[in-house]
Every structure is written in C-alpha cells, then in structure tokens.
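Undergrad: Each chain, letter by letter, is given below.
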Amino acid sequence: MTVKKVMGTKSPQLSVVQNLRRFGNQEDGILYSALGTFILLQFALVLSGLWSQWAWPSIAAGFLFLVVGCERVGRVVPFHLQNAYEKSLAFGFPLVLLLMWEIAGNTGLVNPLWFPQPSRIAKSLWDLSVNFDRFSGTSLLGRPWLVADYYRKDGGTGVYALLSESHVLATLTRVLAGFCIGAIPGILLGVVMGVNRTVRLMLDTTLSAIYVLPKIAIFPIVMLMFSDPFGEGPKIVVVALSVFILMTINTMVGVRNIDSVYLMAGKNYGATRLQMMRHVILPGAMPVIFAGLRIALGTAMIVIISVEFLRAKQGVGFMTFYYWEVLVPEKMYAGLVVVMILGVLLNMVLEWLQRRAMPWKPETAAEQSN
Amino acid sequence: MNDHRLQPKISVRNVSKIYPTAVGAHLAVDDFSLDVADSEFVCIVGPSGCGKSTVLRMMAGLEKISSGSIDIRAGNVPGKPLNNVVFQEYAIFPWKTVIENVAFGLEMRGFALKVREDAAKYWLDRVGLTKFAHHYPHQLSGGMKQRVSIIRAIVNDPEVLLMDEPLGALDAQTRVLLQEELLRIWGETKKTVVYITHSLDECVLLGDRVVLMSAQPGRILATYDINLERPRSIDTMNSPRFAEYRAEIWENLREEVVRSMELQA
Numbered sequence: 040m041t042v043k044k045v046m047g048t049k050s051p052q053l054s055v056v057q058n059l060r061r062f063g064n065q066e067d068g069i070l071y072s073a074l075g076t077f078i079l080l081q082f083a084l085v086l087s088g089l090w091s092q093w094a095w096p097s098i099a100a101g102f103l104f105l106v107v108g109c110e111r112v113g114r115v116v117p118f119h120l121q122n123a124y125e126k127s128l129a130f131g132f133p134l135v136l137l138l139m140w141e142i143a144g145n146t147g148l149v150n151p152l153w154f155p156q157p158s159r160i161a162k163s164l165w166d167l168s169v170n171f172d173r174f175s176g177t178s179l180l181g182r183p184w185l186v187a188d189y190y191r192k193d194g195g196t197g198v199y200a201l202l203s204e205s206h207v208l209a210t211l212t213r214v215l216a217g218f219c220i221g222a223i224p225g226i227l228l229g230v231v232m233g234v235n236r237t238v239r240l241m242l243d244t245t246l247s248a249i250y251v252l253p254k255i256a257i258f259p260i261v262m263l264m265f266s267d268p269f270g271e272g273p274k275i276v277v278v279a280l281s282v283f284i285l286m287t288i289n290t291m292v293g294v295r296n297i298d299s300v301y302l303m304a305g306k307n308y309g310a311t312r313l314q315m316m317r318h319v320i321l322p323g324a325m326p327v328i329f330a331g332l333r334i335a336l337g338t339a340m341i342v343i344i345s346v347e348f349l350r351a352k353q354g355v356g357f358m359t360f361y362y363w364e365v366l367v368p369e370k371m372y373a374g375l376v377v378v379m380i381l382g383v384l385l386n387m388v389l390e391w392l393q394r395r396a397m398p399w400k401p402e403t404a405a406e407q408s409n
Numbered sequence: 046m047n048d049h050r051l052q053p054k055i056s057v058r059n060v061s062k063i064y065p066t067a068v069g070a071h072l073a074v075d076d077f078s079l080d081v082a083d084s085e086f087v088c089i090v091g092p093s094g095c096g097k098s099t100v101l102r103m104m105a106g107l108e109k110i111s112s113g114s115i116d117i118r119a120g121n122v123p124g125k126p127l128n129n130v131v132f133q134e135y136a137i138f139p140w141k142t143v144i145e146n147v148a149f150g151l152e153m154r155g156f157a158l159k160v161r162e163d164a165a166k167y168w169l170d171r172v173g174l175t176k177f178a179h180h181y182p183h184q185l186s187g188g189m190k191q192r193v194s195i196i197r198a199i200v201n202d203p204e205v206l207l208m209d210e211p212l213g214a215l216d217a218q219t220r221v222l223l224q225e226e227l228l229r230i231w232g233e234t235k236k237t238v239v240y241i242t243h244s245l246d247e248c249v250l251l252g253d254r255v256v257l258m259s260a261q262p263g264r265i266l267a268t269y270d271i272n273l274e275r276p277r278s279i280d281t282m283n284s285p286r287f288a289e290y291r292a293e294i295w296e297n298l299r300e301e302v303v304r305s306m307e308l309q310a
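Protein sequences appear in the order of chains B and Z.
In this text, residue positions in the first sequence follow our numbering: the first is 40, and each later residue adds one.
In this text, residue positions in the second sequence follow our numbering: the first is 46, and each later residue adds one.
These are calculated hints, taken from the structure and not from any lab test.
Treat the hints loosely; a few may be bogus.
[What the hints assert, rightly or not] Short derived list, chain Z residues pointing at chain B, Cβ under 10 Å:
id, residue
1, F149
2, R171
3, L207
C-beta: ideal position from N, C-alpha, C; glycine also.
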C-alpha cells in the first residue's frame, strides 16, 4: 500500500536524477576544498623548507589531482576539440614526465648518476651521433656526412669501411638478415603444416617444445657450430632461428583458421593446388602472418640486443653494455633510445608492407569472416 | 535430341551419408533419390538439421558419398564446369575486389583478363553493382555480397547451379528483392537449379518442384509439382493457388519441424 503511494505521488526517475546531481555537486565541493588544502599545504612546505622531505607524497598527490582535473576537462571538451584533447593527453603527459625527471635530477631528488636528466641523455645521443670513438674504432651512425669524402678517396671500399664502423647499421644488418632468413622458410613450412595433416602432426610437438625455449639459450650452441664463433654468422642465425619458429607456428595457425567455406569455394570453382595456394590460402592466412611478423620483429630485437651484450665488438647492444663497463650512464640511456627508435622504425616498415600486401584489410582479422 | 532431353540432368540414386561419431555411426542422409530435368528449378525444403545442405554438398562433390551415386550430365560444350555452388555464408573472398570475385571461376579456368572482365562487367551491370566493381566485400551490405556470390556462379556458366540457402542470412526486405532478382536471372538463363531453403514462401515462389525432407535421418517425405505459370514475381505470392500450395506443404512440414525440435531438445 505504501509502495503504491510513493510511486503514485512522485516520479521516481526524476528523483534519481536530482539525487545524482546533488551528489555530483557534493563531490565537486569535496574536490575543490581538497585541492585548496593541497595547494596551501604545498606553500607551507616550501616556505618552511621541508618540501624536499615531502616531495614523493606531494608528487603522488599532485598526479592524482592531475588525473581528476583532466577527467573533469574531458567531460566538457566540445566534440570538435575531442581529437586535440586526446592528442594533448597522449603526448603531453610523457612530456610532463620528462620535465619532472629533469627537475628531479637537477634538484637531487633522484640521483643523476643512475637517472641522468633527459637533457643530458639527448646531449650524449647527439655526441654519439657526431663523434667517432677512436678507442673501439666505431661510431653510432657511421658518419654519413663523410661518405662523399671517402668515396672520392677510396671509392666503394672506402664507403664500406666507413659504414661498417656504425653500431646502428651493424645491428640493423643482423636483424634484417636474420629476419628474412628466418621468416621466409618459416612461412613456407607453416603453410605446409597448415595444409598437410601428416606433416603437422609430425612437427607440431617438436616446434612447440622449441617455442617455449628462451631463444637466447640456443646462442652458445649456435656459436659452437660456426668456425668463427664471434663472427656475424652465429648472431644472424640465432635471430633467424627464433623468427623461424615463431613464423612457422603463426602461419600454421593462420592457415588452419581460414574459414572452410573459402576452401570449399576455391575447390568448387576449380582451383588447382597452386591456384588454391595463391588465391585462397596465402591471402586467407595473411592477417595472422602479419601479426606473427610483428611479434617476430620484437623477438628479433630482444635476441640481437642480448647477443650483442654477450659477444660483439659492435652494435647498439654492445654500445649500451660498453658504457655500462666504463660507467657513462647517459650514454647507456642513449643506447636504449636508439633501440626504441629502431624498433619503432622497423615496425613502421612492417605496417607499410602490410598495407601494400593487404589492400583489402578493414581493421582486424576477425572481420575477415564477414 | 528428343531422347537426350528425356535424360535427367542430375540423377541422384540411393544416396546415403554416414558420419562416424564417438558414439557410433550417425545416419545423416538415408536413401535419397532425385532426378532433376534440364532447366528445372527444384527446391529442397525441410527442418533445420535434416541434411539438405549435406545433400547439396554431395552433389557439388564437396563431401564424400557413403553409398549410392550422383551424376550430373555434361553438356555439349567441353570445359564447362558441371556445377557451381552459391553458399549461404556468401563465401566471396574478402581479399579480392568485387569484379575479381565475380571473375574468379573464369580465372581458375584460364580465361584471358579481357574476357573475364567483360563477362563479369555484364553481370555486375545486370544486378546493379557496376559502381562497386572495384570495392572490397567489407564495403558492401549483405544483400550486395550475396548478389556478388550469385553472379560469381552465373558468370562461370555451369551445367547446374546449386544454391545452399543463399538468402538465409538476409533481412526480410532484402530477401524479397533478391527473390525477384533470382526469378529474373533464372528466366534469362534457364539454368538447372537445386535450391536449398527453409522458407516455404521461397520454395513455392521459385521452384518448379518442391522436395520435402524429414529430419534425422534425412529422407524424402514428399514432392510437390508447383504449377504456377511463369514468369512469376512477388505478386504471385498473392494468388490463391500459391496459398493452397503453401498450406499443403506446411501441413506436412509442420509435423517434421515439431519432431525435429523434439529430437534436438
């Protein structure tokens, strides 16, 4: 009886909205008073000279207020500015982090020996790029601005000698050579395993067993196989092997996941085995193959950097490790930055290839099956 | 010549399909026999899971026959494919453009690019898809995709057209449009068609003959000759004769649907 009365007299939906609004106002009040208190507290800390002791809690609280503040701003951003808002968050926040790192290093909040300021990392990256290291006979990029001079002096051999002093080119060559040597046979074997049950059953267990092995663990064995264990051969082969295993398994899965209706259609319209491969199986598996190539690229980078830590006289990994041995941390960080740039660039190349190879691509492999 | 025409285009003799399962052999299709004449449009209708798609795939050679035989009589033109299937899930290749999809059969048979494209363009024009020739399938609606799938089979000019619930995945309005289009295309080409559907309206509207199948195992329950004059259109569905046929078939189908629902529960 009472329930009926309440429902009859007042619209319950309206009261919910009103409650929400009241709650929202309440929330705002709490937020603003908390923010005011926080700012006053900060001033007090700075004036009393106690701020540095309370730096970390202050930064944590400041971060929280930043998140809440941006969230608030995000609610009122008009539609045509949404994109700019998202961009400024995505790129602005990393910039804020770098700036804070810089300040923290300058004020001694963090030890600049372990965490050198971004400006110093950038400067050492510049130094590495333009200078030649006489001791190890290497440079980061291979001094491309001297190419013309060397060509005039010694022709092609001169240019080769110049470029072969480059850390970046050494790492790139190893990664690309290993990647191609591994990926192409991997894709071919993967297709065979996807199509042929017998081959799949025979190899699947072995491949899965090798797959779980950390790829770097086979490096000593690969070194054992080469007459020059410290040369380029083992480095390229260990990259190739890890890419090969990954690509075989991925391609096989890609081929197996092709919707059987496409295989039936191919067969019904009279495709021969070869035509089937070219028109149905390869394009059908393409999305998964490219997903595999992305993962394989990441693995290849991990493997080559670790190998260069272990055994190399050149390469970005070697360079990073070398500056650990001589304790120049900002150059170690510069090495990491170079690895990051390399990874991003190679990924862009793959994306470009993917757009060329799969012009039909909507967004994901899932959309393949209508 | 006369004698020749009396021979069936498709003759299905005592065909059975047995699937081995973990709990023993499962009889999916039992003793299925059917003759289809030249230029005849035969619809097979039945409750879901009655094995009608299996029958069609066996006709297409996409599934093995456990016993019995299926023959499709070759025509006078050498190199002409015996059958082509229009699949329910369209099965047009997402990685080929519309025109490449339509010309796929001709490409597999080794025709020159010019010939393929001309043939494909003619039919794209007939179904109003010329503008979309160089689009990829993901840019098309369901109805357009199925049009592409249908003319992919027509362009290839097979002896027999096998259609496996081609309109099953479409919404009601698009379905009606495509039924009209099918009637028009069939009127032009007079292909021999075996058409699987679970829609009563569709089988009475399209077929010269309707074969009703029962479920588990799939058997022929009855066949009905549909003597509605051609050319037919959607208006045919308003005629009293249409309603009579529909009611007659439904009487039998109803029992089967109920039984098959009980079996599946």
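Undergrad: Now look at each hint and say whether the structure bears it out.
TA: How the hints compare with the structure:
Taking 10 Å as the C-beta cut-off, the interface hint given for Z:F149 holds, the closest approach to chain B being about 6 Å. With a least beta-carbon distance of about 20 Å to chain B, the hint placing Z:R171 at the interface is violated under the 10 Å criterion. The beta carbon of Z:L207 is positioned within 10 Å of a beta carbon in chain B (closest approach about 9 Å), and the interface hint is therefore held.
In summary, the structure is inconsistent with hint 2 from the numbered list given earlier, while agreeing with all the others.
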